[in-house]
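Student: Sequence:
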Amino acid sequence: MSHIIRELPDGTTAIYAWFMAMHTRVDVLLKAADSTLLMPAVHDMRQLIGEIEAAGNRFAPTSQLATLNCNGQMVFTHPEDHLYRMISQCLRFNALTLGLFDITVSSRSHSPHTIDLVHLTADTIYFDEPTVSLDLCGFIKGYALDQIKPMLAAHGIADAIVNMGNSSVLAMGYVPGKFTGCLTTSGNDTPTRRHIVNPITGQWVEGRRQVSVRTQGGAEGEVLATSVLLADDRQLLQLKRNFQIEDINYQ
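Numbering (the working numbering), first residue to last: 8 to 258.
FYI, nobody ran anything at the bench for these hints, they're computed from the structure. From a predicted model like this one, the values you see are computed outputs, not experimental measurements. Please note that the accuracy of each hint is not assured.
For each label pair, taking beta carbons as the anchor points, the in silico distance ranges come out as [stated by the list, open to error]: (1) 87 to 11: 30 to 38 Å; (2) 57 to 128: 23 to 31 Å; (3) 12 to 55: 18 to 26 Å.
Taking lysine-lysine pairs in the BS3-like style, the calculated list, with each CA pair at most 30 Å apart, reads [said to hold, decoys possible]: (4) 247 to 185; (5) 156 to 247; (6) 185 to 156.
Built from N, CA and C at the ideal position, the CB exists for glycine as well.
With these hints in hand, go ahead and build the complete structure from the sequences.
Tutor: Pasting the structure below:
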């Protein structure tokens, strides 16, 4: 992990650190009056992101999610397990977005009802059909930002920017006239890129189209950025009713 530490004119100290995680670059800027707080906070953040990635990266053969997709069932012994919490949140968000956010969209023979084949009990996740596969790529970075925020607060860090691949950004602290909260972007950044499919219609998002949303939560930001991108006028109106969206920017 690379980093730079500088003393600031106001007597505080800042650290800028960067490292690779979740198939992207993570850039971190933290500020504190006590310089000894900074490096432990960065190390713990990197470890936390690694734990979340080990739980929910479907492309890693040893991850919990890869095992779940292969076996169709997983029993959990800890109620705060990251994978269980992520899937639980995603099922709730599917309902709140009218099906526009759907972590089963990569399943074989997917339909808008495939997500109904995913079940959670008090300690178990299981699928009704072996064709079901879960993909958390459009959610995991936002979830990570939500876990990072209280972790930094526990370290005594009140001022921070955490940028995960320029698509999911957390800003903490109060600066007059500046943004605080989470900023999330979804879409195609080039005319030829095609990686988002509408889970209701089965159609790919074509052309250079992006949506950025400002929210207080990272997970909500991830969910809403994609859902707003896909939504028609009626669906967008319902999204605004179901969520507190602070701002939407179309590009």
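Student: Would you mind marking each hint as holding or not holding in the structure?
Tutor: Against the structure, the hints come out as follows:
The beta-carbon spacing between residue 87 and residue 11, approximately 34 Å, falls within the hinted interval of 30 to 38 Å. A hinted range of 23 to 31 Å for the beta carbons of residue 57 and residue 128 is consistent with their spacing of about 28 Å. For the hinted restraint 18 to 26 Å between residue 12 and residue 55, the CB-CB distance of approximately 21 Å keeps it satisfied. Note on residue 247 and residue 185: the hinted pairing holds, with a Cα-Cα distance of about 23 Å set against a maximum of 30 Å.
At most 30 Å may separate the alpha-carbon atoms for a hinted pair to count; residue 156 and residue 247 meet this at roughly 25 Å. A distance of roughly 18 Å separates the Cα atoms of residue 185 and residue 156; the hinted pair therefore holds under the 30 Å criterion.
Going down the numbered hints, you'll see the structure goes against none, and every one checks out.
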